[in-house]
Every structure is written in C-alpha cells, then in structure tokens.
Amino acid sequence: MNRKKMLTIAISAAVAAGNILNEHSNDFLKASSKESFRDIVTEVDKYAENEIIKILKMHDPNIPFLTEESGFIEGINEKDYQWIVDALDGTVNYVNHIPFYAVSIALMEKGRPVVGVIYNPMLGDLYYGAEGIGVYKNHAKIKIRDGKEEETLFAVAFSGKNYDPLKRSKEFLMFGKVNDSTRGCLRTGSAAMNLAYLAEGKFGGCWGKANKIWDVAAGILLAKLAGAVVEYKTINKEKNLISYIAVVPSALKFLKGKVRL
Amino acid sequence: MNKKVLVYGAGAIGRGFLPWVFSPQKYEYYYVEINNNLRNLLNKNKKFISFKARNNRYESVTVPVKYCFNLGEEKEKVREVDFVITAVGPRNVLSIAENLKETTVPIICCENDYSIPELISSITNNPHVVFAIPDVITSNSAPSELKEKDPLAIVTEDGVCYIDKKVDWIGGEVTYVSKEELRKQWLAKLYLHNTPHCIAAYLGNILSVKYLHEAMQNKMSEEIVRGAMNEMKCVLLRKFHLEKGFVGWYANKELKRFKNTLLFDPIDRVAREPFRKLAPSERLIGAAQLCISCGIVPKNIILGIMAAFCYNNPSDADANIKYLIEALEPKDFLKIAIRLHSSEALYELLLDEWKYNINKLRRLK
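These protein sequence lines map, in sequence, to chains G and R. Under the working numbering, the first residue of the first sequence is numbered 1118, with each subsequent residue one higher. Under the working numbering, the first residue of the second sequence is numbered 39, with each subsequent residue one higher.
Any given hint might turn out to be false.
[As the list claims (entries may be wrong)] Which chain R residues face chain G? A few, computed with CB under 7 Å, are given here:
(1) Gln327
(2) Asp354
(3) Tyr361
(4) Leu366
(5) Lys369
(6) Ala375
[To be verified] Restraint-style ranges between C-beta atoms, simulated for each label pair:
(7) R:Lys139 <-> G:Gly1264: 14 to 24 Å
(8) G:Arg1120 <-> R:Gln63: 22 to 32 Å
(9) G:Phe1145 <-> R:Glu391: 17 to 27 Å
(10) G:Phe1145 <-> R:Ala383: 52 to 62 Å
(11) G:Pro1178 <-> R:Asn397: 49 to 59 Å
(12) R:Ser381 <-> G:Lys1373: 39 to 49 Å
(13) R:Ser98 <-> G:Glu1226: 20 to 30 Å
(14) G:Pro1178 <-> R:Asp390: 31 to 41 Å
(15) G:Arg1120 <-> R:Glu211: 25 to 35 Å
[What the hints assert, rightly or not] DSS-like cross-link-like pairs, simulated, lysine-lysine; straight-line CA separation at most 27 Å:
(16) R:Lys203 <-> G:Lys1121
(17) R:Lys360 <-> G:Lys1258
(18) G:Lys1171 <-> R:Lys104
(19) G:Lys1122 <-> R:Lys217
(20) R:Lys373 <-> G:Lys1163
(21) G:Lys1174 <-> R:Lys360
(22) R:Lys369 <-> G:Lys1121
(23) R:Lys360 <-> G:Lys1171
(24) R:Lys113 <-> G:Lys1171
(25) G:Lys1260 <-> R:Lys185
(26) R:Lys393 <-> G:Lys1319
(27) R:Lys222 <-> G:Lys1174
Derived by calculation from the structure, the hints in this document are not laboratory data. All C-beta atoms in this analysis are idealised placements derived from N, C-alpha and C, irrespective of residue type, glycine included.
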C-alpha cells in the first residue's frame, strides 16, 4: 500500500473533521441541561466521524475501520490493514474551549500503526507522519527533545472517573511520583495531544493505562518516528484497551521505574 | 605570508565563488563539510577547479585545499586561522554556531539572511561577525565537459562580494562598504534577486526542466519572472526609496543572469526548501505582503507563490509540501501550511484566483 497516498488521505479526512469541530464549537452554549449537553457532544463527534469515514472510504472502500462512535466497520477482503479513528479526543477540553483536543487517525498494518495524523483544529496544528516518510508538524519536520527527567515536563491522560477508590488512588499516586521528580506532570485530557507534544519536543514523556486504542494509535507512531521510546501492551482486546509509556530515551529508566504498565 | 581562511560549507559559494574573491595565491583554504563524499574527495584530490563564466567563455582557477574537516573536527583550526567564512545556508547555521565559540577571529557570514550575523555574534560573544553579500549566481555543479577535467568542478559567474568595511584588513577582491550601502545591496538582492530567482526555479520545476536558463527560455515563464521583478521594483522605490537608476540597473542585470546559458544553475538548488522561502517575512510571502502594503497587487508574485505550492521534488527537505497541497483544501492549506490568516488581504488574493492561477501554471507546458 502506498504510504504517501494513505497519509495524504488521512490528512484530508482529519482536517475535514477538524473543520466540523470548529464549526460546532459554540453549539454547547444552547444546551439547557446536562443531558442535552452530552447529546450535542455525541452528535458533533458522530458528525465528524462520519465525515472521516466518508473520505477514507471514498479513496479505498476495502479497508475496515475501528472508531470510537461506530465501533468496528468491516471492509471488503482486506485483512492486513485497518483505519483507527477518533474524531474527538479531549472532549472536556473541546466543550470548554481549551485548545487541547484533536482528531486522531491511524492506519494499522498487521496490527501496528504505519500512518498517523493528529489534528488540533482550534490551533491549526497538524501532526502527521508515516513509516519511511518521517514526522511533521504543519510544514516542518519535528523530533523529540531528549533530556533527563528533571529537565522535562511529563503528561498523562486518565479519566479520573475510575470509581474503584483503590485503583483511582493508585493512578494519582503514580501521577504524584512523576510530578515530584520532574519539571512537572500535567493531566491534560487528551492522550493524542500528549503524544503529539512529545513528538514535537514539548513533553519529555507520557503514559496511559487502559486507554482506548483510538486515542493513541496515531500518537504512538508519531512519537516513535520522532525518536521517542514507546512501549505498549494490549490490556483488553474486546474493549480495545491498551496501556503504554512513551518517553525520550534519557528518561526511559526513570519513567519505567515509576509507571508499571 | 598567506592568510588562512576556514570556510564552513564547500558548496556553491564556499567552493565556487570564494576562490575568486580570496585568491588561492594569497589565501590558504581549509574547509568544513558534512557531506562525506565531497569531504573525502577534497581530501583525496587536495584541490579542485572553479570555473568562472565571463564574456561567454570560462576562466578557471585551481584551488589547493589544505584540509577539509568534518563538523566538530575543526575546533583547533578555527582558533588558528585569520578569519572564518560561513556558507552553509540559513537553516544550518545554528548547527555550527557552537563550534564558532572556539574562535575570536572575524566571522564573515555569506548566509542570505541579514539577521544571521547578529545571531552568531550573540551566541559566540564575538563582536567581529559581519554580513557579506555574494552578488553572484554560482551553480553547485558543472556541465559534463568540465566535470571530465575535475569531478569537483563548479561554475560561477563573474560576481561582486560586498562585505562590511569593519573587517577590510582581510583584503581580497572584495567591495568593502558601509552598513547603509550593505543594507541597500541586501534589499536589492533580497527582492530583485531572491524573489524572481526562486520564482523562475518553481516555474522551471513545473516545466520539468533541469536548469534555470531553460525555465527562462519559456516565454510565459519569462513574462511572470519579469512581472514579479517589476512588482518588486515598485516596492523598492515606494517603500525603501532606493534610487530609480540603481533599481533599474539591478533588475536588468538579474534578468540577464537568470538567462545565462553558461551557468547551468540547477532548478533543484534554487527551489530547495520551499517552506523556508514561503515563511512570512521571506522572499515570496514576505515580498507579496510588502507589495500589498504599498498598494501594489502582486499578480506575478502570487503566480510564483502558487508555483512554489506545487513544488514537486521527493528528495527535497520540504518534500511534504506535496502531501499538504494534495491533501488540503486551499483555505486549509493557507492556514495550516503557510500560516496565513483569513483576515489577511494576501489570503483573499490567493484564494480568489486559486483555480485560475493553477490553470495558468498548467498552461506553461
């Protein structure tokens, strides 16, 4: 499969979806209750996702999809490739107009990401890359900024809504340990953007436990292409959950010492 | 005793032009070059020939090379030489800046970016960093008959080198000038050379030709380049108040240069890194913005900008421009890749005539 072509298609779909998110970013002002608020978010998310599916299918109807809203969509006679799509990663940030959310699209080849696009439509920041091509933000090539843990900022994306008190306190404990030994640790609300910022050299590392695969598939590739060390494992295949750490080489030992996948 | 010079970058300016400015009979040449093949060949042959195209024929000078270092190996030599010249390209200057801290001798920057000397001076704490303008076109290659004489052969035209007069003790065939004169020459070079020169190259890329003079042989392409030159002439007169005679003379000189059939100036060299040339204050977008600020509609420069958007060279550092122009709607391309805001007049001008201009460029062939 021609990766340049697939990358071009994925960019096209991500930006089209991002434009939809931008157009609807004020719709929440109309919400009269918590329920209607949630309905609007789901509606926008779905609308953007449909646009992505439409564009990707138009170019190649054979490739199956795994998406946040629609789940698995079968392709035709195509077993090696799969699109993984999240039309909106960072919903809380989006509805609160905090510019840290993104559209995330990855093309998987035999289970590993080979093309990835992350688009933050509010800032117009487009991160994209593919194996054999490299990794870019907008017009420029990007790479990680390697450095020891004390010289860099870390980030994590976990929901905070894990209501098992023991599990929840463990996550916050881990967060605190990393926060205390580094320049700081942020809980940002978007795993995709965390990985994009790592690829760009703004973060030194990030991790996630039991994240949905569509949140991180593109980011894992981009971080790796930019020079980060990325380790991940599938936690629950049925539920599409993976845990991962992604970090600059000089801080790998530190992060592995603090975070257990 | 001969003066010693360490030149960063054995490319077009470093190898092709400088030996005509600082004669090898009076200056000993040391180079720093990261291209392994080129460096090894320079060290193996210990010399190369630079050809100068003058009066429709070639003159030549053989340049003995004392040594060509890899970047990082030159730290002792940089302290010993009489002066240093950088000719590595604005994108690469930062990668050599650390090494320049090792020396207190004058550093002459031939970098096509007026801000570079100040940057290097602040990084190195060296007050003797000056700007130089090689007013010349130098190819980084040579036609095959010259390559047969020397695989390292390179061709330059008969140019002028302007350098800040505060280092005039260095000597050479240099026109040492005041800061004011240097600024005037820089403005002319930036807008009457750089802008139309790269436009010619992007048009040449669309025409699928190899050398700049071939692009100028196409009538429509020549008209666009001439038109862009006229737009920039107006800017220099209206905004910077340069003398009309100087501007006219400079523009004619440049058009003649672009057509020089002896130079073999590769399109790929002149057009390289289109995103750098499309930066907000650079020779394409910056030039168009200047025109608009002076009340000039830069129709031809806009065609040049569109040609740069279409640049197709898979081996270029900015080869991703092709993915983006293919993937994105024009308005998204301008926002994401070029960082133009929808409230800007240039954004409107580019969008309004987008299809018309693309079709016009297609008709070049």
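Status of each hint after checking the structure:
1. Hint status for R:Gln327: violated, given a least beta-carbon distance of 17 Å to chain G, over 7 Å.
2. Interface hint status for R:Asp354: violated, as the beta-carbon distance to the closest one in chain G is roughly 12 Å, over 7 Å.
3. Annotation: interface hint on R:Tyr361 holds; nearest CB of chain G at approximately 5 Å, less than 7 Å.
4. Here the hint on R:Leu366 is kept, as its CB sits about 6 Å from the closest CB of chain G, short of 7 Å.
5. Against a cut-off of 7 Å between C-beta atoms, the interface hint on R:Lys369 is violated, since the closest Cβ of chain G lies about 9 Å away.
6. The interface hint given for R:Ala375 holds, since its Cβ lies 5 Å from the closest Cβ of chain G, which is under the 7 Å cut-off.
7. For the hinted restraint 14 to 24 Å between R:Lys139 and G:Gly1264, the CB-CB distance of approximately 21 Å keeps it satisfied.
8. Checking the proposed 22 to 32 Å range against G:Arg1120 and R:Gln63 shows it is violated: the Cβ atoms sit about 54 Å from each other.
9. Our hint of 17 to 27 Å for G:Phe1145 and R:Glu391 is violated, since their Cβ atoms are close to 38 Å apart.
10. Checked against the hint of 52 to 62 Å, the C-beta distance between G:Phe1145 and R:Ala383 comes to roughly 34 Å, which is inconsistent with it.
11. A hinted range of 49 to 59 Å is violated for the C-beta pair G:Pro1178 and R:Asn397, which are about 31 Å apart.
12. About 48 Å separates the C-beta atoms of R:Ser381 and G:Lys1373, a value consistent with the hinted range of 39 to 49 Å.
13. The beta-carbon spacing between R:Ser98 and G:Glu1226, approximately 54 Å, falls outside the hinted interval of 20 to 30 Å.
14. Range check, G:Pro1178 to R:Asp390: Cβ separation about 36 Å, and the 31 to 41 Å hint holds.
15. The beta-carbon spacing between G:Arg1120 and R:Glu211, approximately 51 Å, falls outside the hinted interval of 25 to 35 Å.
16. Pair hint R:Lys203 plus G:Lys1121 does not hold up; C-alpha atoms about 50 Å apart against a cutoff of 27 Å.
17. Taking the CA atoms of R:Lys360 and G:Lys1258, the gap is near 14 Å; set against the 27 Å cutoff, the hint holds.
18. A threshold of 27 Å between alpha carbons decides the hint, and for G:Lys1171 with R:Lys104 the separation of about 63 Å lies outside it, so the pair is violated.
19. Among the hinted pairs, G:Lys1122 with R:Lys217 is inconsistent with the structure: their alpha-carbon atoms are about 50 Å apart, more than 27 Å.
20. Of the pairs offered as hints, the one joining R:Lys373 and G:Lys1163 holds, with about 25 Å between alpha carbons and a cut-off of 27 Å not exceeded.
21. A C-alpha spacing of about 22 Å is found between G:Lys1174 and R:Lys360, which places the hinted pair at or below 27 Å, so the restraint holds.
22. For the proposed pair R:Lys369 and G:Lys1121, the alpha carbon gap of about 22 Å is at most 27 Å, so the pair holds.
23. Restraint check for R:Lys360 and G:Lys1171: satisfied, since their Cα atoms lie roughly 23 Å apart, inside the 27 Å limit.
24. Of the supplied pair hints, the one linking R:Lys113 and G:Lys1171 is violated, its CA atoms being roughly 58 Å apart against a limit of 27 Å.
25. A hinted pair counts as satisfied when its Cα atoms are at most 27 Å apart, and G:Lys1260 with R:Lys185 does not qualify at roughly 38 Å.
26. A distance of roughly 38 Å separates the Cα atoms of R:Lys393 and G:Lys1319; the hinted pair therefore is violated under the 27 Å criterion.
27. The hinted pair formed by R:Lys222 and G:Lys1174 fails the criterion: a straight-line CA distance of about 56 Å is larger than 27 Å.
In summary, the numbered hints that this structure violates are 1, 2, 5, 8, 9, 10, 11, 13, 15, 16, 18, 19, 24, 25, 26 and 27.
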